[in-house]
Structure formats: structure tokens, C-alpha cells
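A.B. asks: The lines below spell out each chain.
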Amino acid sequence: MLMFILRRILQTIPVIIGVTFVVFFIMQLVPGDPAVLLAGEGASKETIEAIREQLGLNQPLYIQYFEYLTNVFKGDLGVSLKNSQPVLDEILVRLPITIELAFFSIIITIVLGMAAGIISAVKPYSLTDVSVMLVALLGISLPSFWFGLMLMYFFSVKLQILPVAGWDSLLHVILPAITLGAGGAAIVARMTRSSMLEVIRQDYIRTARAKGLRERIIIYKHALRNALIPVITVVGLQFGALLGGTVLVESIFAINGLGRMIVDAIRMRDLPMVQGGVLFASLIFVVVNLFVDVFYRFFNKRIELN
Amino acid sequence: MTVQVKTEQPDIAVKTLIGGTKESRIKDFISTLIQNKAALAGAIIIIVYLLMAAFAPLLAPYSPYEIDLENKLTPPSADHWMGTDDKGRDILSRILYGSRLSMGVGFAAVLFGAFFGIIFGLVAGFYGKWVDTIIMRMMDVMLAFPGILLALAIIAALGPSLINVTIAVGAFSVPLFARIVRGSTLEVKRLEYIDAIRSLGASDFVIIFKHIFPNILSPIIVQGTLRLATAILSAAGLSFLGLGAQPPSPEWGTMLSSGRDFLFSAPYIALFPGLAISILVLGFNIFGDGLRDAFDPRMKK
Amino acid sequence: MKERNKPILEVKGLKTHFTTKRGVSKAVDGIDFTLHKGETLGIVGESGCGKSMTSLSILRLIPSPPGKIAGGSVLFKGRDLVTMPEDEMRKIRGNEISMIFQEPMTSLNPVIPVGEQIAEALRLHQKMGKKAAWDKSVEMLKMVGIPSPEKRAKQEPFQLSGGMRQRVMIAMALACTPEVLIADEPTTALDVTIQAQILELIKELQTKIGMGVIMITHDLGVVAETCDKVAVMYAGNIVEHASTEQIFADPKHPYTQGLLNSLPKIHEDQEELITIDGSVPSPYNMPAGCRFASRCPYAEDICAAHQPDLVSYSEDIKVRCWKYTDKWTGKRDKEGVV
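Residue numbers (numbering that gives the first Met the number 0), protein chains in the order written: chain A, 0 to 305; chain B, 0 to 300; chain C, 0 to 337.
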């Protein structure tokens, strides 16, 4: 197990380097001369040349990338083009907000998703099952940005029981967390259901029945533990979608998190900020995936050895 | 004879269609699909939307761009079934025209993603060894970006526009297609008849495109349909953020975005484009599920 | 040992049908047998003949839908299991009637320690406390011959060999000292040496507890070794029912004769294995007449037209064949066809 964790950590290093490479490479796609862009309109040739010199833009690309990589590992993600503040400082201010939002959303994804999946699987093809799965189908089909607006309309505008936007109290968390967690919950519900139905067909469930156990114990003790193992992976993947989704949800609910920072930065052509934000979010995702894999392995080892 | 192909995605286990005459296979497939009522409903939704897009100029009661400030922000009525927006434009007409943009972007992005993904997946699966390792590690890196952030980074570099959204959303589907195609290719490659063809002196190119590719079409089609749903959602989302189509374009995400300023006074501006997206995406999702079940021998009794 | 008077299990006209898109499959189509205390009944037949479905039907473990017990009764100590309410039925499963399944590899829950899998039945049926149930399950593991049972009880199935898992299954089935044990191909998945050990173990424990055993198998060797009487099944029916000695010495039904003929004979110099020609009729589309008729070397007109009943040939022998009735003409014998 320890070996597995070590090997898995070693495996993420090339992925992280790959991510930095892709982020660096994408920024090379920017049309025009970055020095001109940085200097702003109407800058003199000398200024542009000075910027080029200062940032090493006249070096070959691979040297530029190498420098970028070293800087990243030193924690230097560059400075914002708008206020010349270090990108990392801004990220660290925004990060706790996004983490809080992501935390509540993933809780909704897991708890709501698994509960719905189990309820469905217990009585497959029943009215409950069909209704739950229909709602789950809607869950994966509704655009989060529209769903969020509609929630806002009903709960904040019509019923006026929840705040419209902002991030001051726990009440502010409810709508964004539901908006962000709903899609994942729908996917987890579908996965939990199909996994449960698969497990219920297994021989050991028949053994449990032959033992005279109550249906409830068969479901929760014998089936669920086995059924949830593959769901762990799905939850891990959903966390990625969820991190990406913060971009939309934070924009809708005017939450000053990492996602909104990236969108604002794109609008203002603040490329180092975009680069830093995307890189940081990806690193979080890579680390979360690492944990999910270890977790999965821990629960799955006995099955794989069979 | 059917051979089940297990792809790496837990949700998609699809058999490839080998043996039997082409007609009998297609007949079998269509009858399974029609028996699946949900899939049929999905197909109908998609067809209706396609017709909407094709005949938008005939169906639309007004011009999608014509500003009529005297009739701005009118709620749904007999004249304007879905009301008018802040510039007095007819929302129904805009949605009809917008279907061309929103669906067009989705289809283009998936085609783009499928094209590169299929090539990468076929090459990786067929040649194996270091080629496989390099390609699939590249795909892993692309998948390491959470959700639409990769698309966002690409747009940040290329600049906001509908074309760039297409490229960005397409790029984001490449690794998903590559994984599925690689998995299926590995399965098909193991079949004896591929060895037989190779011993007859067929070139790699012929084996890959004439013999392997047709046999892995079903997982690709299923994945493509389900990806369409996601692609349409992502593209609309990016336009909603102002990173894709720009006003006054009737693209649905853009319409939603402008409607959000009037959520208090005129919620219908945001309501209808969102419904349009939701129903279409629902259509693709249930059609995709149905396709998967029709291709999947485990689901048959 | 054998108390001939009152059977503990009496199966009468049991029918289990599966309704699928292709139609109704009559997997079990009218089965009768009885089981007494301390007695071992073998149910033999080819795979798909309905023997496993019979055993699952007794405990009402048929996957439903599509399966359904369509008729008949299963009297256990006078009570009908077929119509019993589900929560009463649960008190019998694993307590008074236990089952051992064919696949020890997949029949144990992979994520629960084996000791717990035994103990939970004890807590449920014997109302034992946590500690007492655990101690008893360790004791059971010891009884079925698992070395260092304290340690093994805490392990999960993947840490145990196939033979050990089957021993665990037996320990689990016997934990509540059942009156009937249904063993569905208990040794098929095991190595030959371990097979013998497991059969020996079941026999030994049977004598100890005095339970009735139903041994479901396709292996006539197992039958010869363990059973007192045998029911031969073919296509959802019992075709012959007799004592083990009788079946081996003088099989009546042509199918039983075929089965015995197909056994490789050690002492004779056999060139090839003898098989029964033809194939089993589809359970979706059973013939109107005798189900074995198409493969039977003696078949006459009546065989294809009418299904024979299971009738007594002598006090101990029941057979389902026109050959032993007064409707039999014996024409083909006289003509020297066979």
C-alpha cells in the first residue's frame, strides 16, 4: 500500500509538469507580440524592447518554458498585468472562498447522489426509481448557469428567503452550492444505482439472502459497501467538473472566488492571472485525484486480488 | 457473433458489431432502438430541433435582430409567444435562429474533438508500446484540467469568439474520445481475423481504417452523442460568460446572459433560452443512453 | 438412522417458471420428493435440468422477476414454505434450512471478514450477543477444519484459498444447526483432493447434527459416495427416484441408463466415452410427450404424444416412463430395432 502511494505520487509529477507545459504552450497561442500587449497601447519602441529584455521574451521558447517552470516551483506565478501584484497573492485571497463553495457542493453531490441512487436501486423499475432517475436525467441536462438563475429567481426574488448574491453568511452558500453540486449529484445517483443493481446480482448477495438476513441489512451492509467502491472514482472525476463549474456559479452569484477571478482576468486580458488561476485549479484537481486513487485502492484491494 | 468491448469508462460498455450482414445488423439495431421508448423520445427531440434550425427563417415570426423599443420587455403574449427582450426583439424568433448557432457549435466541437481523438486513440491502441505511452500520457495531462478550465485557458489565449469556443470545447473532448477509441481498438486488435488480414499483407493503414475503425464505431457514436450534450452545455456556458458569441447574437448562452440583468423584472428573457438548451441536452442524453443500451448486449434479455 | 415415518421436507408438484421476452421457461415443472431426518437425497441431472432452481425454490431465493413459483407446495415440518409470509420465511433461511453454493470464490462477501459473515446469522437467528456469536463462529471455523480459526475469522475472503472458503461456507450454513442442508454442487469448483475432504466433512457433520441433506450435483461419483436415495432430473422433471444402490445396480429410466453408461469405466478398456445423442428440449418450448423421447432409443408413438407420469415401479422405485406401464407395446423390441 505504501509502495502504491509512493508510486502514485511519483506518477503525478510528470502530469504536473505536463500541465505547466500545456498552460505555458496555450499562452504562446496569443496572437501578436506579448511585449506589445504588456506595454499597452502607444508605448514606445524602447519600452517594448525593455519589457522584452526584462521578461526574457527574446530567449528561445524552451528556455522561456524552463524559466517559467522553475518560477512555478518557486511559487512565483508572475504578476498581474492590471495591478502588478503577484498572481499567487491574489489566488491565495480567493482560494478559501472557492474551497468553501466546492466543499459544500461536493457534500451535496455525494450525499444527495448516493442517497438518490440507493433509493432507486432498492426498488428498481418502481415509480420511485423512475421518478428519481428522471430527476437525475434532468440534473445532467440542465445548464448550471440557467439552473442557478432560476433558483435565484424563485428563492431570492419571488420567495425572498435567500440572499440574491454575495458571500457573507452560510445562507449565501445554499443556492450556489446546490447549483454547483446538482449536476454531480445526478451523475453519482445514476452511477450508484447501476452499481447497486450490478452488486445485487452477485452470488454473495444470494448467500446473504439464504442466511435469512433482512432486506435492509442485505442492502446496507452487504450490497452498499461493494457498490460504493466504483462510485468513489466517479466522485473524484466529478470534483474536476465541479472545480470547472465554479467559474460559472461564482459569476452568477457574484462570489469573489478563484473561478470568477479567472473569468474577470480573461475579460481584462490579464494573461498571467488566467495562467496562474488555471494552473492552480488544475494542481488542486491532480492532488484530489491522487487522494481518490489511494482511497479507491484501499477499498478495492481485496476485490482486485480475487 | 458479437464481441463485447469494454472501454475504460465504467458507464460505457458497448459491443462492436462483427459478423452478420450489414442490413441485418442495422435492422436489429434500429428495432432495439425503437423498442427503447426513451431513446425514441430523445431522437424525436433532436429531430424537432434540427428542423427548427433548418427552417428558422420560415418559422420565425419576426427578425431575430430587429429592435423595437416600443415593445421592449413585454411578457409572453399572443403576439410574442415568449415575450420580447430589453430591445424589443422577439425571443421566440431569436431562439429559433439561435438553435443554428448553439447546435452548430456543439456539432462542430464534437466533430473536431472526435476527429483528433479517434486518430490518437487508433494510433495509440494499434501501435501500443511507446507510441501508446506518449499519446495517452498527453491525454492524461489534458484530463488533468478540471472541467471547462482547459477550454477557458484556450479562449483566454485566442480571444473570445464563437469559433474559438468551438476549438476550445472540441479540444476538451479529444482525450475522452482517444481513451474510448484506444480501449476498443485494443479489443478488436486481439481478434484473430485481424491477424489473418495482416498475414495477407494488408498495410497498417488499411487494417486501421478498413478493418478496425468500422468495428469500433458503436462506442464512438455513443460517446459522440453524449459528448454533444456536454459540448452544447459548455459552449453555451462560455457564451454566457461573455467568452463566446457576442451580443446581439441570438446564441442561447448569450441571450441568457443578457436576460440575467432583467431577472427581477422580466424573468422570461432568461427562462426560454435556458429551457431551449435544457430540452435539447436532455434529448441528446436520453438518446445517448438509449444508443448505449441498444449496443450493449448486457441490457438485452 | 432413517426414520421412515415422518419426513421433514416434502416437496409436492413444485413448479418454477421464468417469464421473459422469449416466453415462459418452465425451469422446474412439477417436482415431488421427500426428505427425512438424517437422510441424504441426491438430485442429479445435466446443467440446466432445473436442479439448482429446485433448490433455490425451496428457500424462495429465485430471482424475481423474472422467476416465480407457479405451483405446488414445499412442506417443512408441516408448514408450506411457498405461501409463508416473507418474514416467517426469513426465520427459516439460514436457521432451519441452510444452503451451500457452488462458487466459493464469489459466494462470500468480499468486504466483510469471514467470522462476521458467520456471526451475523447467529446473532440474527440465535439471538446471541456480539461476543458469543463471534466465539461461536470461531468454533465453527475450527469444526470445519480451518487451522488457526481465531486469525482466519478476522480475515476477508480474498485472503483464503478456495477450499478454505468452501469450508467457511459450510461453517456458515451449519452455524445455526439447521435441520435441512441444501448443498448445490458444493465441490464442483474445487480440486479433487479437496472435494473428497469437503464431502467427508459434510457427511461427518450430518451424523453429528442429524440433519437431512439435499445434495445437488451432476457428478454421479458424489452421489455414490454420499447419498441414500437419488432423484434424477431431466428438463424440469424427475424421471426416476430410487435408492442409491438401486439406481446404480438397476437403473430403470432410459435417461438414467444413459447417464450411467456415460460414466467412464475404470476396469474396462473403453475406446471412447459414451454419450447420449441429441439435445435437451428448450425450456421455452417443451414437447407435448415425454421430454426424453427425442433422445430415447426405445421411444414409441405414445412417447411423442403423451407425457408419462412418475409412477411407482416398486415400493422404492418411481419412474416416469411409458416402458413400465401397460400402455407399452414393446413393438420395437420385438422387431429387433434395439
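Quick caveat, the hints were computed from the structure, so don't treat them as lab data. Given the structure is predicted, the values throughout are model-derived calculations rather than measurements. From the three backbone atoms N, C-alpha and C, an ideal C-beta is built for every residue, glycine too. Wrong hints could be hidden among the right ones.
[To be verified] Calculated cross-link-like contacts (lysine-lysine; reagent style DSS-like; alpha-carbon spacing at most 25 Å): (1) A:Lys-220 / C:Lys-20; (2) B:Lys-188 / A:Lys-122; (3) C:Lys-76 / C:Lys-11; (4) C:Lys-153 / A:Lys-220; (5) B:Lys-36 / C:Lys-25; (6) A:Lys-220 / C:Lys-25; (7) C:Lys-76 / A:Lys-122; (8) C:Lys-153 / C:Lys-76; (9) C:Lys-11 / C:Lys-90; (10) C:Lys-90 / C:Lys-25; (11) B:Lys-71 / A:Lys-157; (12) C:Lys-20 / C:Lys-76; (13) C:Lys-126 / C:Lys-141.
[To be verified] Far from chain B, some chain A residues (derived; all Cβ distances over 10 Å): (14) Leu-37; (15) Glu-52; (16) Tyr-64; (17) Glu-66; (18) Asp-75; (19) Gly-77; (20) Asp-88; (21) Thr-127; (22) Ser-130; (23) Tyr-152; (24) Arg-215; (25) Leu-223; (26) Ser-250; (27) Arg-266; (28) Val-273; (29) Phe-284.
A.B. asks: In terms of Cβ atoms, is chain B entirely out of 10 Å range of A:Ser-250?
C.D. replies: Since the minimum Cβ distance to chain B is about 6 Å, A:Ser-250 lies within 10 Å and the statement is violated.
A.B. asks: Would you mind confirming whether the straight-line C-alpha gap from C:Lys-153 to C:Lys-76 stays at or under 25 Å?
C.D. replies: violated, 36 Å
A.B. asks: Compute the least Cβ-Cβ separation between A:Val-273 and chain B, then decide whether it is above 10 Å.
C.D. replies: The claim breaks: A:Val-273 does not keep its Cβ more than 10 Å from every Cβ of chain B (closest is about 4 Å).
A.B. asks: Taking only the CA atoms, is the gap from B:Lys-188 to A:Lys-122 under or equal to 25 Å?
C.D. replies: Violated, because 40 Å separates the two Cα atoms, which is more than 25 Å.
A.B. asks: For A:Asp-75, which was marked as not at the interface, is the minimum beta-carbon distance to chain B over 10 Å?
C.D. replies: holds, 19 Å
A.B. asks: Is the Cβ of A:Glu-66 farther than 10 Å from every Cβ of chain B?
C.D. replies: holds, 19 Å
A.B. asks: Beyond 10 Å on every Cβ pair: is that true for A:Tyr-152 relative to chain B?
C.D. replies: violated, 5 Å
A.B. asks: Take a quick look at whether C:Lys-126 and C:Lys-141 sit within 25 Å of each other, Cα to Cα.
C.D. replies: Within the cut-off at roughly 22 Å; holds.
A.B. asks: Minimum Cβ separation between A:Arg-215 and chain B greater than 10 Å?
C.D. replies: holds, 27 Å
A.B. asks: Are all C-beta atoms of chain B more than 10 Å from that of A:Thr-127?
C.D. replies: holds, 18 Å
A.B. asks: Evaluate the condition: distance from the CB of A:Tyr-64 to the nearest CB of chain B exceeds 10 Å.
C.D. replies: Nearest chain B Cβ is 14 Å from A:Tyr-64, so the label holds.
A.B. asks: Taking the minimum C-beta separation from A:Leu-37 to chain B, is that value above 10 Å?
C.D. replies: Its Cβ never comes within 10 Å of chain B, the nearest being 15 Å, so this holds.
Checked against the numbered hints above, the structure breaks hints 1, 2, 5, 6, 7, 8, 10, 12, 23, 26, 27, 28, 29 and satisfies the rest.
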